[in-house]
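**Q** Single-letter residue listing:
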Amino acid sequence: MVAPAAPVLYRRRWMPLVGASAAAPGAAIILLLVLVAALAPVIAPHDPNATDLANTLVGSTGSHPLGTDASGRDILSRLIFGARTSLLGPLLVVALSTLAGVPLGLLAGYKGGAVDGLLARAWDVLFAFPPLLLAIVIVATFGAGFWTATLAISVIYLPLLARVVRGVVLVEREKAYVDACKVQGFGGLRVSLQHVLPNVAPTIVAQATLNFGYALLDLAGLAFLGLGVQPPTADWGQMLSSGRDTLVLHSYYEVVAASIAIAVTVVAFNLLGDALSARAGRSR
Amino acid sequence: MTPPPLLEVRSVTTEVEIGDRHWPVVDGVSFTIGRGEVVGLVGESGSGKSMTARTILRLLRAEARTRGMILLDGVDLVSLTRRALRGVRARRIAMIFQDPRAHIDPLWTSGDHVTEGLRVNGGLSGAVARARARELLADVGILEAERVLGAYPGELSGGMLQRVMIAGALAAEPELLIADEPTTALDVTVQAEIVAIFDGLRRERELAMLFITHDLELASSLCDRVLVMYAGRVMEEQPTSALFSAPLHPYTAGLLEARPTLETKHVRLSVIPGRPPTPTDPPDGCPIHPRCAFVEPACISAVPPLRQLAGAAFSACRRTEEIRDRLRPEAMAGRG
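Which chain is which? The protein sequence lines are Y and D, in order. Residue numbers for the first sequence follow numbering that gives the first Met the number 0, so the first one is 0 and each next one is one higher. Residue numbers for the second sequence follow numbering that gives the first Met the number 0, so the first one is 0 and each next one is one higher.
Just chain Y, same shape as in the assembly:
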């Protein structure tokens, strides 16, 4: 009566999260980007901050494959080093918004009633502002920089994630196994953390993955406006900003390179996020 033993890979509580074949292209690109960011000092041909005023805005050459920017810095090296802040920012946003959003969403969805109503009003207030405008207000209040920008975007993503979590928890808490847990006298904390949360985890991971891409765009936007990562730190959004000034000089390398890097990364995270969503949808 016991089915043949499943492969070891599947014998995990978090099994719905691994082995998504449709997620492969996205995951491959993301892995590559992470490697590039981690190995930046090794693979970058130049110091990203070394200026060379004799060779500004040069086109593609042997030593500068993507040319140089207005200060003569190597664009390829800045792109490679820029992957660090450009990936770290969204990672922190996703981590912070998940850390705060999951408990709040779980609380609202599982408890319902007055708690849910109160949290819903709080989120309504946050949603009442255009998101990027809210971030700009926060950054303007607390000063521009990588950390304030990251925190500001996290505040925006918190309710987005919390609402998704609340939604899936609302569905999950009606499931029969939740009744079976209650009938054994288990408390709400145990049922929600030990049973409901693991079962909705695939959806949360999928949403967090999608949020990563959007957070990267938003952070790049803030950097572009001069409110995020400050020069001379290499960052893709910041490169868009500095590259914009040189567009009039018909020097397109910096803007194009940064744009492609941002677009490819966001698409990769969307691919992965969509594949994970589809998987999460199938498993419920």
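These aren't lab readings, by the way, just hints derived from the structure by calculation. It is possible that part of the hints are untrue.
A few chain D residues that face chain Y, going by a derived Cβ cut-off under 8 angstroms, partial list only [claimed, not checked]:
no., residue
1, L56
2, F96
3, D98
4, D104
5, L106
6, N120
Take a look, some chain D residues computed to stay more than 10 angstroms from chain Y by CB distance [claimed, not checked]:
no., residue
7, P23
8, G67
9, E216
All values derive from a computational prediction rather than experimental measurement. Where is the CB? At the ideal position from N, CA and C, for every residue including glycine.
Assemble the complex: chain Y is given as a structure, and chain D must be docked to it using the hints.
**A** For chain D alone, coordinates are given in the frame of chain Y:
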């Protein structure tokens, strides 16, 4: 003097919100379960059997309302604090369900499932709980306990999962087990095995049971007493053998008549005409009257209460005394 019952359900009504108002799905239900006694609750789908069970353990949606008293050793479960209720659920009353696959967390192994109550409610360590789980699985007839303990629900058959759920329910050594159609989703041979397990449990552990089923044969093979429910109300209650040989209510007689048997050759099974009312559209008077062959005007004007006819015989039919001879299975068959 007879000992007080373990559980006494006293005029319990549960109303749930359907549309914009509350409607009764359990309507003035009363019965008792003694220690070690197995009481059957039979009826069609939607007759309120499961809602009665869920009312006992307060496993209802937040908007549902319950009136009446449910006394467990004299303590009213309806008005119990949530904390005390959790204690009752953890130690005294266990419940198992129809579809074990839906009622066991798919991400937990059977071992985790069976030992969870032991660890959380019983305070046992992991290793002790696991050893206990092995014993419990053996009690419910699982031979390869170790393998099953390590398996996820998706890797086990329905019959095996139902045994795992029963083992989990027994872990707390409850005094009362509520079994809500525990064999309906299983094939017949597995059904027989599960029933044998229940039969063993009541003999060895003196476990009291509320056994809910729509299968009369199953009820007759296991239960000491049987209650017949219809439209949220108890129509008849009798000791099992009496219920089958001498039903007191036309509805029960109709149910018995509608069973297929191996002895007589049926061209067509007899059916009770019509269909059960919905909670939002109850008929006036006796809820069964539109489907009853013995109806007379007085049946429609007032709801007949459940009456005690003799020791353990109750009927909610006004005409029981008058028609009871015509309700016997042999008389019903002759009516044909």
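**Q** Hint by hint, note whether the structure agrees.
**A** So, going through the hints one by one against the coordinates:
no. : hint : in the structure
1   : L56  : 6 angstroms, holds
2   : F96  : 6 angstroms, holds
3   : D98  : 7 angstroms, holds
4   : D104 : 5 angstroms, holds
5   : L106 : 5 angstroms, holds
6   : N120 : 6 angstroms, holds
7   : P23  : 21 angstroms, holds
8   : G67  : 20 angstroms, holds
9   : E216 : 25 angstroms, holds
This entry satisfies every hint, going by the numbered hints stated previously.
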